[in-house]
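Based on the sequences and whatever the hints tell you, model everything.
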Amino acid sequence: MAPGGQAGGSGSPGSPREGLRDWIRSACRFAADRSDFRRNLIVNLGLFAAGVWVARNLTDIDLMAPQPVA
Amino acid sequence: MGNVLGPVLVLHRPLRREEPLTNPGSFDELHRKCKEVFPQQMEGVKLIINKALSSHFQVTHTIHMSTVGQSSYHFNTTYMGDRQLSPTETFPMLVGDIDSCGSLNAQVLHLVAERIRTKAVFQTQQARFVTWQFDGELRGDDYTATLTLGNPDVLSQSVIVVAHFLQSVTSRLVLGGEMVYHRRPGEEGAIVTLAGKYTALKWVATLNIGYGGAHASYYHRANEQVQVGVELEANTRLQDTTFAFGYQLNLSQANMVFRGLLDSNWCVGGVLEKKLPPLPVTLALGAFLNHWKNRFHCGFSVIVG
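Those sequence lines, one after another, are chains L and Z. FYI, our numbering numbers position 8 of the first sequence as 8, with every residue one higher than the one before it. FYI, our numbering numbers position 64 of the second sequence as 64, with every residue one higher than the one before it.
In short, the hints are calculated from the structure, not lab data. The beta carbon of each residue, even a glycine, is placed where N, CA and C say it ideally should be. Among the hints, a few may not be true.
[What the hints assert, rightly or not] Simulated restraints on C-beta separations:
#	chain 1	residue 1	chain 2	residue 2	range
1	L	Ala50	Z	Gln70	38 to 44 Å
2	Z	Val112	L	Arg29	56 to 62 Å
3	L	Arg29	Z	His61	39 to 45 Å
Written as structure tokens, this is what we have:
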């Protein structure tokens, strides 16, 4: 009886791949946890930085400029 | 051999103009430029009639037909004295606002001396005093110091004391702090907050940070038509953070101002204000939508005078 195929590289529980998978899983859980204060602070800090970048780079527009003729 | 390094050691410094330090203003106005960009929440129908009875006295009637809460009528009076320090500052100033339920909001602002200003604020909810507050502010050439007493009560031995200090360090940098002390029977505590503000030619960045949280704001004036404000607030006591992005579009040729808002509570909104010359009338239309709570409200107001 041929042994059942296993996904390559799973190895033992203490292997680096298992550790990386657990780390990614906990990072995704942290990123999706809306009730976590630190997570919300990091997300809002990133949004603040993005907002400042948009304000400094994308807002210099002339609203009364004539429309380009097609 | 002489001093061969002599010419090298003579540093040619560019001539540096010392910009004079100016008064940094009051602590409460640190984030004002950014806050003015954001639209005010509007719901229902509002009619505001402003009437200047003389150069010193102005009255305002406000009728608000609300879709959310109770409709109300407000009567507001403003008395401005003779001493005008700037277009927006006149002393003494007395402001009173009373609504149809009998709740009163009154303020008295007075310039006691050249550099000392005082303010008294009273708020009642029908027959009960809710707030009584006394401010004293000292404005120096390059600093402002303020002391506020909030709801001082000798009988119950309770008080809230707020002290502010702002110092212009350079012509662009202002640093300062705030200390809030509260006392009630069986409880007292204090919180200290540090503040800093940097003003550049086209932008202003402000930060308040302390044990209770942080408040950061960034204001950018892109050109004569576009202004943008970005705000971040974090409250460690409520374990809550909020981000908001607002913008203001001024089209003076069209007598129109539009303010838009987007924030981290999934709220999107905007208010359009249009003047209707030659009539002294301004029409404002506003709508706000909270995607997360699935709530929408809109309103319009007519401002006469």
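**Asked** Okay, which hints does this one fail, numbers in order?
**Response** The structure conflicts with hint 3 only, although it agrees with all the remaining ones.
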